[in-house]
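A.B. asks: Put the complex together from the two separate chains, hints included.
So the chains spell out like this:
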Amino acid sequence: MLGPFDYAIWIVGFLVEIGVVVCVIYRSSLFRYLSLAIYMFCVALVSCGQFWCLERFGYASHQYFYCYYYTESLLTILLFWTIIQFYQQTFREMNVSGYIRGAAALLLLATALFSYIVVHENRNHLTTHFAVELGQNLHFVGVVLTYLLWGTILKLRETRTRLIQLVLALGVYFSATACAYALRNLFPSLLLRWVPPIIGLWLPVAWAYTFAKVSEDSRIGTARLVARAR
Amino acid sequence: MAAALICVISIALFLQFFVSYCRSVLAISGRVELSDRVREVSGISNRSVSADDFSRLVQLVRLCPEQGDDETEIRAVGTYYGLLRIIKYFSTFLIPGFGPWTERECSNCSHFAAVALDRRISYSRDLFTQQVADRT
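For the protein sequence lines, the chains are A and B, in the order given. Residues 1 to 230 (the working numbering) make up the first sequence, in order. Residues 1001 to 1136 (the working numbering) make up the second sequence, in order.
Next comes chain B alone, as it looks inside the complex (with noise of 0.2 angstroms):
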């Protein structure tokens, strides 16, 4: 009996840390604006980022040479998203009230995702700016 009350309240406050603490790395990358370039690669130039944009941007950014210190919280957002995504399925018939939030938390993620791309095409440039200067 006691094992089951812990367990089911150990998952009811797993969720809420795990949520405030995805949110807590989004709230980092939402101070961020996106640059013209970013927004021309991954073809959001006249209008915000969307919640649906999420898995492309990442497709986008896997295509990117890795930075090496930001794969965790591309993990750590990525499973937030997928969270999400169920949650919205399931709001949809259950508690409809939960739709523009999970939408709203979506945006957010790919808002992020868009951060992770800008900052690895810099790093590319960087790269390619470096090995350009070796030559020369």
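If we strip away everything but chain A, and leave its shape as in the complex, we get (with noise of 0.2 angstroms):
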């Protein structure tokens, strides 16, 4: 049964990550952001699949189940195209791009190889702590990919408030989605009914709030950005 909290939560998603691929055009940075905003409009229309599938079957029915754990997946893998691209800005200078095309090549033939023989492996009883297991597996590489492309950032002194923003926005998400992922898969009774809605629109909020108040030519010292007790 649907409550007005679960309502709220999807509209307020949809609208907003539809208002991040309108930024993106309004800003007139989609070639620049093009991955960025495909990620982003597919996500909108995957938000539509699963709020029909939720009311059509019920939060608590198997097809609603398979259908979020898998979808969210498939959205984490388009997503390791958006952390590429971050990637190829942050290298720009150097030249690279040619390089890092054949690392994202590398690591997507990878990923798909370890999914299929996950799944290979599990065809017998795709079961649900299979779904949150390859769920939890695909984040942490996610958190692991920002986490190097932030210490890349931080090493070559990047100063563009923006691409800072959006990594940043990034790596909260995914560490909160493996840390949800993970307690899921430690304590399977444990109801978190509410908190991956919730962490699901920590990421187009926090996108679109960059692309609206930071423009593209904002900068800042990275040096302010790391805690440092002293």
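These are computed hints drawn from the structure, not numbers from a lab. Hints should not be assumed to be uniformly reliable.
Distance ranges between label pairs, derived from CB positions [stated by the list, open to error]:
(1) A/61 to B/1131: 51 to 59 angstroms
(2) B/1033 to A/130: 55 to 63 angstroms
(3) A/114 to B/1082: 35 to 43 angstroms
(4) A/48 to B/1097: 49 to 57 angstroms
(5) A/221 to B/1033: 17 to 25 angstroms
(6) B/1032 to A/27: 16 to 24 angstroms
(7) A/27 to B/1015: 24 to 32 angstroms
(8) A/42 to B/1056: 41 to 49 angstroms
(9) B/1031 to A/212: 13 to 21 angstroms
(10) B/1002 to A/88: 29 to 37 angstroms
(11) B/1131 to A/148: 50 to 58 angstroms
Sample of chain A residues at the chain B side, in silico, Cβ under 8 angstroms [claimed, not checked]:
(12) 172
(13) 185
(14) 186
Once the Cα atoms are required to be at most 20 angstroms apart in a straight line, the calculated EDC-like pairs of lysine to aspartate or glutamate come out as [to be verified]:
(15) A/213 to B/1073
(16) A/213 to B/1033
(17) A/213 to B/1071
(18) A/213 to B/1070
(19) A/155 to A/93
C-beta atoms are modelled at their ideal positions from N, C-alpha and C, and glycine is treated no differently.
C.D. replies: What follows is the structure in structure tokens.
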């Protein structure tokens, strides 16, 4: 049974996701952030599908469960493309786009191969546990990739505020989601009904804020962002 | 075992990303000088904004008409401020070195709230001016 909070989260989430795409287009940054815009558009479409599934089959149904976890896993793989584009932007002055593309292709192949092996091993019991475990692993790969990107940004003293905020928001999203998946995996009976949708809201809201408020020319020193107790 | 490890690493990285994100939001407002008007309204005319001013400044922000586009950042910084207060509380017993750092960060949060208040006061004045102009 859906409550007012479910409807509110879904409506806000959907509007903000579309808002991000509109902001990217409005700021004439579509080609620079093409993968991000495509990802957000796909998230909006998937939100509609998930909501339809939730309303038709109910929160506790198997249909909604598998629809939620497998579409989330597919979206995570799509989000890797956005991370790769962030890597390209970070390394753009070093002319290593070819290497990044090569590494990205390898990563994609490795992810596909790993997923295939896992699915092949579990083909007779694509169970609840497997769905959660796959999502957890994919999100953790995302955490590691984003952390490496953040380390690179700090090392290269990248100053573009917009890029920095987009990457940090992505890091918050991936780490919070991986943590929620791990908790779900550790304690299957733990009721985290509101947690995933709220975490899911974070990324479009933070990205919409960045595109609306931070201009492409805005600069910031990365030294100010690293917390150091003195 | 793997899930527990992922959980611990994710929490650690989440805190790092979240702190850096909030600092990036605060850094933008840190460059903004406070106007005399907001200093007068918030009672900080002859001193710098302190860490403890945050709650009072946010209450003043809530009294002003919403501009509609700053609510998310105020919430994010409010969460960060709450996190800092918890760290400050525990660091008193566990890691005393964190005390001055949390104090500095809380002051930055207060400065951010003061900038938000300044922006909202300007917005309210603009609204008032517009209404007066419409009547005449």
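A.B. asks: Does residue 213 of chain A pair with residue 1071 of chain B here, judged by a C-alpha cut-off of 20 angstroms?
C.D. replies: holds (13 angstroms)
A.B. asks: Range hint 17 to 25 angstroms: satisfied by the CB atoms of residue 221 of chain A and residue 1033 of chain B?
C.D. replies: Taking Cβ atoms as reference, residue 221 of chain A and residue 1033 of chain B lie about 19 angstroms apart, which means the hint holds.
A.B. asks: Is the gap between the beta carbons of residue 27 of chain A and residue 1015 of chain B within 24 to 32 angstroms?
C.D. replies: holds (31 angstroms)
A.B. asks: Taking the CB of residue 61 of chain A and the CB of residue 1131 of chain B, does the distance hold inside 51 to 59 angstroms?
C.D. replies: holds (53 angstroms)
A.B. asks: Take a quick look at whether residue 155 of chain A and residue 93 of chain A sit within 20 angstroms of each other, Cα to Cα.
C.D. replies: holds (14 angstroms)
A.B. asks: Given the hint of 35 to 43 angstroms, is the C-beta distance from residue 114 of chain A to residue 1082 of chain B inside that range or not?
C.D. replies: holds (39 angstroms)
A.B. asks: When you take the CB atoms of residue 42 of chain A and residue 1056 of chain B, is the distance between them in 41 to 49 angstroms?
C.D. replies: About 44 angstroms separates the Cβ atoms of residue 42 of chain A and residue 1056 of chain B, which means 41 to 49 angstroms holds.
A.B. asks: Is 16 to 24 angstroms respected by the C-beta to C-beta distance linking residue 1032 of chain B and residue 27 of chain A?
C.D. replies: holds (22 angstroms)
A.B. asks: Given residue 186 of chain A was flagged as interface, is its beta-carbon under 8 angstroms from a beta-carbon of chain B?
C.D. replies: holds (5 angstroms)
A.B. asks: Does the Cβ-Cβ separation between residue 48 of chain A and residue 1097 of chain B fall within 49 to 57 angstroms?
C.D. replies: 50 angstroms Cβ-Cβ, so the 49 to 57 angstroms window holds.
A.B. asks: Does residue 1073 of chain B sit within 20 angstroms of residue 213 of chain A, going by the straight-line distance between their CA atoms?
C.D. replies: holds (11 angstroms)
A.B. asks: Under the criterion that the straight-line Cα-Cα distance not exceed 20 angstroms, is the pair residue 213 of chain A, residue 1070 of chain B satisfied?
C.D. replies: holds (9 angstroms)
When each numbered hint is compared with the structure, no violation occurs for any of them.
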